[in-house]
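Using the sequences and the hints given, assemble the complete structure.
Protein chains: 2
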Amino acid sequence: MIMPPESSYTKKKETLGFVEPKIFDYKSSFAMEFGTLESFQICYETYGNPNADKSNVILICHALTGDHHVAGVHKKDGRYGWWDHAVGPGKAIDTNKFYVICSNCLGACQGSTGPSSNNPKTGKPYAMSFPDLTILDMVRAQKLLLDHLNVSQLYSVIGGSMGGMQALQWIVEYPNFVQKALIIAATAQHSAQTIAFNEVGRTSIKGDPRWNKGNYCDDDRPEMGLAVARMMAHITYLSDQVMSEKFGRNEMIGVDLIKENNGEKKFAVESYLHHQGLKFVDRFDANTYLKLTKALDRFDLVGKEGLVKNLEQVKSKVMVVGFTSDWLYTPEQNRYIAESLQKTGKDASYIEIDHDYGHDSFLLKSREFLRLIRLYLEGADKEEINRQITTKSQIAITRSDVKKEADLKIIGDWVSSHEKVLDLGCGRGILLEHLRKNKNVVGLGVDYNFEKAAACISRGVPVFQGDILKALTMLPDDSFDWVVFSRMVEELPNPGEIILEALRVGKQVAISFVNYGYWKNRFNFSLNGSRITNDVYKDNWQSSKPLNHFSIFEFESFCEHTNNQSSKFRIGRKVFHRGNWKTTCKWLPNLRAGLAIYELIRN
Amino acid sequence: MIMPPESSYTKKKETLGFVEPKIFDYKSSFAMEFGTLESFQICYETYGNPNADKSNVILICHALTGDHHVAGVHKKDGRYGWWDHAVGPGKAIDTNKFYVICSNCLGACQGSTGPSSNNPKTGKPYAMSFPDLTILDMVRAQKLLLDHLNVSQLYSVIGGSMGGMQALQWIVEYPNFVQKALIIAATAQHSAQTIAFNEVGRTSIKGDPRWNKGNYCDDDRPEMGLAVARMMAHITYLSDQVMSEKFGRNEMIGVDLIKENNGEKKFAVESYLHHQGLKFVDRFDANTYLKLTKALDRFDLVGKEGLVKNLEQVKSKVMVVGFTSDWLYTPEQNRYIAESLQKTGKDASYIEIDHDYGHDSFLLKSREFLRLIRLYLEGADKEEINRQITTKSQIAITRSDVKKEADLKIIGDWVSSHEKVLDLGCGRGILLEHLRKNKNVVGLGVDYNFEKAAACISRGVPVFQGDILKALTMLPDDSFDWVVFSRMVEELPNPGEIILEALRVGKQVAISFVNYGYWKNRFNFSLNGSRITNDVYKDNWQSSKPLNHFSIFEFESFCEHTNNQSSKFRIGRKVFHRGNWKTTCKWLPNLRAGLAIYELIRN
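In order, the protein sequence lines correspond to chains A and B. Using our numbering, you'd call the opening residue of the first sequence number 1 and step up by one each time. Using our numbering, you'd call the opening residue of the second sequence number 1 and step up by one each time.
Keep in mind that the hints were calculated from the coordinates and are not lab data. Mixed in with the good hints, there may be bad ones.
Chain copies aren't distinguished; within one or between two, either way the pair holds.
Unchecked claim - Lysine to aspartate or glutamate pairs mimicking EDC-like chemistry, simulated, CA-CA at most 20 Å apart:
#: 1; residue 1: Lys439; residue 2: Asp53
#: 2; residue 1: Lys304; residue 2: Glu245
#: 3; residue 1: Lys545; residue 2: Asp467
#: 4; residue 1: Lys568; residue 2: Asp478
#: 5; residue 1: Lys365; residue 2: Asp94
#: 6; residue 1: Lys97; residue 2: Glu560
#: 7; residue 1: Lys545; residue 2: Glu490
#: 8; residue 1: Lys582; residue 2: Asp53
#: 9; residue 1: Lys568; residue 2: Asp467
#: 10; residue 1: Lys538; residue 2: Glu491
#: 11; residue 1: Lys294; residue 2: Glu251
Structure (C-alpha cells):
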C-alpha cells in the first residue's frame, strides 16, 4: 500500500460548515424503464457557487446505501457528509472553484421518492409496487434536477461503486452534456458472483416472515433479514487483508442481533458485522434494498452488442480508477471500461491505486487518490509543475533526460499533424503532451507506474496504467498511426514478437534504444570478460535485474530476418547518436553509435 | 488451468460397487474439549482390505457438509460416494493396495452422534445442548474408531477443507501414528473474512424464528435461515471465474426458495443457488451447521505460540496442496502450513495446482491432482520412471543434462553425510534423491514448476513449489548446511543480495553457472557487436527473455568486493570445466572455462 507522505494535502482544510438538503418537486409524470411515476421528489444538496456561465458544475453520484449528504455538517444531528474529506474549500473537489451537486438517487430512501415513499394515489407506501428500477432511471431523474437548476452542462460527473455506474450511464445517455467523467471502483455489468451475493441478501430479506411480500409496517419491519443482507454485503466491501489487520482473531464482549446473545464473548469481526447490521436497519428500508440491488444486477452496458459498441457515442473525457484490493468491482472490471473506450480512440484513462482496503478504498482519506482527483479536475499542481521545470530545462542532467530529449526531437519530428500515437512506457507523458501541443496529436500513453500515470493525467494525456503487453494485446488492428517504444525494449521478453504486435496495432513503430554493440562495451568485454559500468549501464552484475540488451546489428538482423520470412515491415528513417547521445553519427553505427532511433513501417 | 492430456488415468477404472455404512458404538463416556458425552456412535465405511500387518490403512476425513460415503454406491438410493473418482480399485487412492476408512465426523448429522441425535439422558435431541465441538474432538473420536478396528498405525491420513484441518490435527495429536499426511485446500486457522462469512450464515439460521433457540421439531425447521446460509457459503466454494463461465449473466425460468417466486425468470446463478439451498435443507441439520462452523472458526493451530512451535512434534511426512483460485482457504494459507513445517526441517512439501474452479477444485476429477495423490502415496509411476531412465542414461544428450551431471558429481562430492541441503531450482529432484540415497541427506527442493515439483514428490524429495526468493526469505537463519543454486542465477534480479540471503540460510553455498566471459562469446561480441547463439545460448535477441549473464571475473569481483566490505564469506573450492562442460580446466578460467562451480563459505 502506498503510504501518504507529508504534503500540502494533509494540511487542515476549511470546512463547508452547516449544509441543508433541499427538495426538488417534479410534478409531472415520469416514465421509467419499467413503469411510470405520477410525480417524484429528489432530495439534494449543493456546495460552492456556480460561476457566471455555469461551466463549473460537478455532479456527484452516491453508492448503493449512500445519500445526497456528501460534505459539510447537518445541523440537526451533527452528521458529516460521507465524502467530507474530498469535497470542500481547498479540498480535492474544491468548492471554492466548483459548484457541486449531489442528489439522493431516485428509488432510494433518504428523501427521494422510492419504495418507502407514499404513493399519492393510494396514500400508502409504494413498497414492492414501486416500478422496477434502473440506473438509467436514476440518471434521467438527475437530469431533470439539473434542468430545474438551469444547469445545461456538467464540468464533471463523479461517482464510486453504484455512483460510478451512474457516471458511466450519464456519458452514454447524454454524450454532449459532460466534459469529464470520473468513474471509480465500478463495473459495466455485474459478474455472476456479484449477482449471487446480492441474491443471497434479497433471499434473506424475503425469507424474513416480517417482510410480508413487502407490506410491512414501520414498527414491524424485516430487520433480521435486512441486517443479515447488510452483514454479508459488508464483507464484500473490505479486503481479506484489511479485515485481518483490523480484527484478526481477536475476541471481545460484543453486540449481537440475536438479543439473548448480546454481551457474549465473540470474535471482534463478528461483533463488527452485527454492529453494522444493527446500524443499517435503523437507516435503511428493506424494499428499497431489494429494488436497488436489482437495479445494480440489471445494469449491463456490455449486453449483446459489447461494451465497445455501447460506448461508441461517448464524447466526454473519462478517467476510470480501480483499486488493487477491490474484489467486488475488481481492477479488471474497471480496466475493462477504460479499455473499451480506448479501443475506439476515446480520451480515456485507466488508473490503478495500490490500496489494500478493498472496495471501500474509494471512501478512504488517501493522499494519492485525492491528489489524482484534483489533477484530473484542475491539471498539474505545484508538485508536478516543479518536476516539469526540471525536465524542460536546457541543461539535461541525467542520461535519461538526454534520451528523452532525443526522443522528443526526433520522434516528435517524424509524427505528422493529427496522427494517433500510442506511447509504450510513456513516463510522465511529456512526449505526448509535446505532440498534442505542437501537432494536435491524439495520444494514449502506457505506463505501469502510478506516479507517472498520475503525471500524465495532470498533463491531460490519456493513460493506461498497466502492463505494456496487456495494453498492446487489447488494442485492435490499425488503431494507431504510431507506436512508440520509449520504455527500454530491453525489459521485455520476446521483443521480436512484441514489435510485430506493435506493427499490428500501429502503421509505424518508433523504437529508440541504447546500442549494446558500442565499441566501449565490446572493448571492455573482450578484455575483461565483464560488463562495463558507467552512467549508461549503472549496475554491476550483482545489482542488476535481468535485461535483454541488444545492438544495432542485432536489431537490423532481426528486421532483415523477419522481412525475408514474411515481408511484414521495412525499416524507414533511422537516426544514430554518438556516445554522448547528442551528436549525430553516420558511419559504422554498430561500433560508433551509443543511441539509435528507428522507424519501422508496416508493408 | 492445466488441461488434462490423454493418459492412463483417464482410462475406465473398476468400480467398488455397492458399499454399506457401519456403526461403531462407543459405550463409555467421552470427554470432549468443552463437555462430555455419555456415549456416542460413529458411522463409517471401509473399502479394500487390510494387509497382514495393517500397514496399508488410509483414513480419509470429510469436509464441512460431507460424510462417510467416500466411494462406491449405496444400494438403497443409488448414491455414489463424494470422492468416487479418487478412491477405488486402480484409482488414485487404490483400494487394491490400500484399506481405506472414512467416518462421518463426531458432531455431524449423517449417522454419527451430533446435535440432531437423541440425548440418551433425555430421549430428546441434544440440539444446542450438544457440547461445543472442536476439530480435536473429531480426531479423538476417529482414533477410538481405529482402536476398535485394531488399527495401530495409519499409512496416510487424507483430507480436504475441514478434512485437511482434521488431517493436520491428527499429526499434531498423534505424532507417531501417521506415516504420510495429505492436507488439501485447508488452513491452520480461519481468517477474519472466513469467520465473518460463517457468522453471517449462523445469524441467518438463528434469526429464522423457526430456529427457536435450536428447539425446532422435524416438521418445522429453520429451513429458510439454513438455506440462505448455504447459498452464501456456496459462493465461497467457487471462483468468480468459474461462476462466470458456468452462469455468466444468463437468464432462465428458475427455482426459488420463496415459493411464490418459483417459475419466475431470473439469472441462472440465482436459480443455481436457490437449488443448492433447497437441496441442502433436505439433508442437513441447522444446529449441526451452527456447531460445525463454530468448530472451524475455533480451530487455531497458530494461536499465541505460532504455527512453527505448535507443529514441532510432527513426525509424519506431509504434503500440503493448495489451488490457485481458492479464495476460501487461499494458496497462501496452505503454503503457510508447509512453510511452518519446513522452517524446522520437517519432511514437508507444498504443491500449488493451477485450477480455476475455486475451493471446490479438490472435488474435481483433475488428472494432475489425482496423479499427484498417487505419486505421493505410491512413488514414481511409469511416466516418471521413463523420464528417469532418460536422465540417468550414460549418454547425456542435452547441455542441460551435462550441467546436471556436473552438478551431481561435484556438488554431490562436496556435501557430507547427513547434512541438510536446500536446492534452489531443484527441477525433478535428481540431485536431492542422489544425496539422500548416497549420503543420507535431508533435503528441500524449490521449484516453481508444478510438473517438476510433482516429480520431486514421486522421488520422495520434499519440495516447495513456488518462488525461490519467497522460499529463501521465509527460511530461518542457519537452517541448512548447504544452499545449492541449480537454477541459473542469471534469471534472478539482484543476484548479489540473493547470494548473501542464501548465506544467511545456509553455512555453505554451491553455485554452478555458465561463464559468460568464455572466449567465444567475447570474440563474437567484439567482432560483430552481437551475442552468440549456439546450443548454450539458444535464443537470438528477438526471442530472448531478459537474463543477467555473468562471467567468472564478475563473480569473483563480487565476492572480493563483498569480502572487503564485510568479510561475510569466502570462496572455498572451485571447479572449472572447458567449453564442452566436461573436461576440467585449470588456468585462465575466465577466458577458457565454459562452466564454473563455486563453493562459498560463510565466515
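Comparing the hints with the structure gives:
1. Lys439 / Asp53: neither (30 Å within a copy, 86 Å between copies)
2. Lys304 / Glu245: between (42 Å within a copy, 16 Å between copies)
3. Lys545 / Asp467: both (18 Å within a copy, 16 Å between copies)
4. Lys568 / Asp478: within (14 Å within a copy, 56 Å between copies)
5. Lys365 / Asp94: So Lys365 and Asp94 pass the 20 Å test inside one copy only (15 Å; across, 58 Å).
6. Lys97 / Glu560: Classified as neither: same-chain Cα gap 58 Å, cross-chain 62 Å, threshold 20 Å.
7. Lys545 / Glu490: both (11 Å within a copy, 9 Å between copies)
8. Lys582 / Asp53: Cα proximity of Lys582 and Asp53: none, with 50 Å in one copy and 83 Å across.
9. Lys568 / Asp467: neither (25 Å within a copy, 39 Å between copies)
10. Lys538 / Glu491: Both: 15 Å inside a copy, 19 Å across copies.
11. Lys294 / Glu251: between (36 Å within a copy, 14 Å between copies)
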